[in-house]
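Q: Listed below are the residues making up each chain.
2 protein chains.
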Amino acid sequence: MKTRLVENRQTANYHRSGRTDKGVSALGQVISLDLRSKLIGAAGSEGGPASEETPADRAPVSEELRYAHILNRVLPADIRVLAWAPAGREFSARFSCLHRTYRYYFPGGGLDLGRMEAAARLFEGTHDFRNLCKMDVANGVLNFRRTVLLARVRRVLGPDQEEEEGRREPGSPYGMCLFEVRAQGFLYHQVRCMMAVLLLVGQRLEVPSVVTQLLDIHSNPRKPQYSMAVDYPLVLYDCAYENLEWVFDSDAHAFNVTHLQAMWTQQAVRSQLLYSFLQGLGQAPHKLQADDGPDPLRDWGRAQPPQASQADSLLEGVRPRRYRPLMERERCEGLESRIRHYAKRGRIELPEGMREEEEEEEGRVRRKRRASRDGENGLAE
Amino acid sequence: MKTRLVENRQTANYHRSGRTDKGVSALGQVISLDLRSKLIGAAGSEGGPASEETPADRAPVSEELRYAHILNRVLPADIRVLAWAPAGREFSARFSCLHRTYRYYFPGGGLDLGRMEAAARLFEGTHDFRNLCKMDVANGVLNFRRTVLLARVRRVLGPDQEEEEGRREPGSPYGMCLFEVRAQGFLYHQVRCMMAVLLLVGQRLEVPSVVTQLLDIHSNPRKPQYSMAVDYPLVLYDCAYENLEWVFDSDAHAFNVTHLQAMWTQQAVRSQLLYSFLQGLGQAPHKLQADDGPDPLRDWGRAQPPQASQADSLLEGVRPRRYRPLMERERCEGLESRIRHYAKRGRIELPEGMREEEEEEEGRVRRKRRASRDGENGLAE
Chain A
13 MKTRLVENRQ TANYHRSGRT DKGVSALGQV ISLDLRSKLI GAAGSEGGPA SEETPADRAP
73 VSEELRYAHI LNRVLPADIR VLAWAPAGRE FSARFSCLHR TYRYYFPGGG LDLGRMEAAA
133 RLFEGTHDFR NLCKMDVANG VLNFRRTVLL ARVRRVLGPD QEEEEGRREP GSPYGMCLFE
193 VRAQGFLYHQ VRCMMAVLLL VGQRLEVPSV VTQLLDIHSN PRKPQYSMAV DYPLVLYDCA
253 YENLEWVFDS DAHAFNVTHL QAMWTQQAVR SQLLYSFLQG LGQAPHKLQA DDGPDPLRDW
313 GRAQPPQASQ ADSLLEGVRP RRYRPLMERE RCEGLESRIR HYAKRGRIEL PEGMREEEEE
373 EEGRVRRKRR ASRDGENGLA E
Chain B
13 MKTRLVENRQ TANYHRSGRT DKGVSALGQV ISLDLRSKLI GAAGSEGGPA SEETPADRAP
73 VSEELRYAHI LNRVLPADIR VLAWAPAGRE FSARFSCLHR TYRYYFPGGG LDLGRMEAAA
133 RLFEGTHDFR NLCKMDVANG VLNFRRTVLL ARVRRVLGPD QEEEEGRREP GSPYGMCLFE
193 VRAQGFLYHQ VRCMMAVLLL VGQRLEVPSV VTQLLDIHSN PRKPQYSMAV DYPLVLYDCA
253 YENLEWVFDS DAHAFNVTHL QAMWTQQAVR SQLLYSFLQG LGQAPHKLQA DDGPDPLRDW
313 GRAQPPQASQ ADSLLEGVRP RRYRPLMERE RCEGLESRIR HYAKRGRIEL PEGMREEEEE
373 EEGRVRRKRR ASRDGENGLA E
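Chains as they are written, first to last, in my numbering: chain A, 13 to 393; chain B, 13 to 393.
Worth flagging that the hints you see were computed from the coordinates, not collected in a lab.
Predicted model, so just to flag it, every value in this text is computed and none were measured.
Copies of the same chain are indistinguishable here, so a pair counts whether it falls within one copy or spans any two.
Below, a list of computed lysine to any residue pairs in the SDA-like style, where the Cα atoms sit at most 20 Å apart:
| id | residue 1 | residue 2 |
| --- | --- | --- |
| 1 | Lys299 | Leu162 |
| 2 | Lys146 | Tyr238 |
| 3 | Lys146 | Ile360 |
| 4 | Lys50 | Glu75 |
| 5 | Lys146 | Met339 |
| 6 | Lys299 | Arg166 |
| 7 | Lys299 | Leu190 |
| 8 | Lys50 | Asn25 |
| 9 | Lys34 | Gly197 |
Bound-form chain A, shown alone (with noise of 0.2 Å):
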C-alpha cells in the first residue's frame, strides 16, 4: 500500500522505502516525513513540526494525533496507513532502511520446484546484476552491484492446511508456491527480471546454472533479449529499520482487515469458481460426492492429456513456437554504450575511466581525419 501524501515533497522532508511500478501491491512500504504534532514543541503551544524533537522528550504516542485514522480518511481505499513510528530528524525511510524483502507468488503447476529453488540460491550474495534488471543510466544508476541477502524458493500452505510431518508428497498443480528475495537495495524491475529466469528455469527451458552465467558480466556483458515476469503477483513485503516503535490503531486496523477481507473474499471466490470449472473438465482433482450425477464432460476430459499451463501467463508478451535458450539470444544493449548514448547529451557525467577512454579515442578520430583530407589534398606521406 503506497502512500504518496504531500505535493511539496522537499519542504515535508518526503522520503519512501521502495518504488514499486504500477501493478505491484506493498504491505511493507514505508514513508517518512514531518507532520505536524499535538505534542512536540513548547509546553502549551500548538506543537511544530514532529521530527524538531528526539524520541525521548515526547509525551506518550498514544496521546498523539491519530496519524493512521485522519490519513485513512482521506486515502484511496486501495492505500491503506496501518502504523506510524516518530523518528528522529536524521531518519529516512529511504536511506536508514537496512534490507527490503519483496515476494512474488505463482502456482506451482508444470513447474520444477526443486531447479527453481537451486537456481534462487544462486542469487544470493553480492553479484553485479546488470543482466537481471532494466538498466536505469538516463537515471544516474551506474553501478549494478548489489548484495542479496535471501533468495527462496518454496510451498505455501493454504488456509485449510497444516503441515504434517510425513506428509511431503508434491503439491497439486494448484497449489501456491512463492519465491521471496531480501537485499538491502534493488535495481529497477530486478525482481521481476530474477523471477523471469527462475519461470524459464521452472519449466525447464533452461538449467538452474543459467544464473551464474548471467552473473558474469566478464563473460556475458550484454544482457540477452528476455521478458521479465508479470506485475501483479508481486508484493513489496517488508521493510526493516532499527529502533522504530510502532503505534498502532484499533479502529484503523479493525476496518482495515474488514476491507482486506471483503477483497479476499472477492478474488478467492472468482478462483474457486474457475477452479470447479476446471473439475467440471476433469482438470483438477475432484472428490465424487453422493449426489454427483453422470458428468460426460469430465469424465472425458480426464482422458486428455494433462494441461499444467498455470504459470505460463506470468511471463510478459507473446510466446514464440521454438524455444530459444537465453545465452543464444540477440543482447541488450551494453552498459558503457549507454553511459555514453546519455553522457553525449548532457543527462549525466562520464565516469572517471570512461573519460580518459573517450579523450584518446577521440585524438584517435581527429587524427583519422586529419590524415584522411591530407590524402585527399595530395599531402599524405
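With the hints as your guide, set chain B onto chain A.
A: Frame of chain A; chain B shown alone:
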C-alpha cells in the same frame, strides 16, 4: 459460459436452458438451435438443417462440422463452447431439461455451517417460493410453486487437500464452502434470495426455521424486505438431459483449459496475495519460517479481536446498524396486488378466480358511488 449466437431466434429454433444474470457464470449452460450440417441431407448434397434427421440416420459425428472449434473462434473470450450433441426436432434446451443445478461459493469465516445446512434442507421439496424470489408478474409468472430436488451446504476441499479420516476439525475461516441447489426450474433471482437467507442464518441473525416461515405463504403472503446475495459467486453448474451423446473436440478443449488456467492463475495469485496481507496483520494463520524477521505488526494484530467478516460482503447493499429480524420487517407488495396492477394495464390477463372477485368488487364500488351521488341529490333512502 453463456452463448448468444443468433440474431433471429425464431427461425433458428433457438432455446436456452438457463437464464443467468449479468454477473453470473455458467459451466452447464446448454442451448439448442438449428445449424447447417456437413452430413445431414440427401447424399451428395450440401446438407440441410441438422434437425431434419433423426440421430439414427446420421453419419458418424466425428465427420461433422467442428461446431465447437468454429464457434469459439468468433465468440468473445469469456464465452466458450465445450461440446455439441445431435438432437431431434422436438428437442428444446429449455423444455427438455430434466433439472438444473446451481452452485454458490462462499468463505466459511464467521458462519455457522451446521445451521446453514439445516436451513438448506428445509428448502427441499415442493413449495411456493414467492417469498424467495423477485416476482416477475409483468412477464406472466403467476405460479410460484417449484420442486427443489436437492439443497445442500458443505465445505469444499482446496487444491492441496485430501479428505482423510479423522481430519474433521472445523476448517479455517478462509476455507471455501458451497451451497448447491437443484430443481427442474427456478424463479427469477430465486437462488440469490435463498442464499441471502442462508447467510443470515449462518451469521446467527436468523434461525433455520425462518425458512419454514418464508415458505408458509398462508401465514406470510407478502415477502419481507431483504437484499439478495451478490451475483459473482453464483454459477449455473449443470443442466441434465436424457439421450444426448456429447461430442468433444480435443483442440477446443486444450485451448479452453489453457485459457481457464490463465484466468484461474490471476485470481488465485491475487487472493493468495491478499491472504498474505491478512497474515501480516495477524488475522490469518501463519507458519513461522526460519528466515522470518520480527514482525511487530503481525504480533500486535494477533492480539486484536479476530475478525471473521469474510462473508459480510456477499449481501447486497448497506448493512444497517441494528439488525431487524426478517419477520419484523416491512413487507413487499403481495402477489394479488401485483396481478391486478398489471392486468389493469393490459400486460396480463386476470386469472379465473380473481376475475370473479374483480367483478364483484367493481359492482360494490359502483353501488357505493351511486348511493353517494343519490345522497348528494337528496335521493338516498
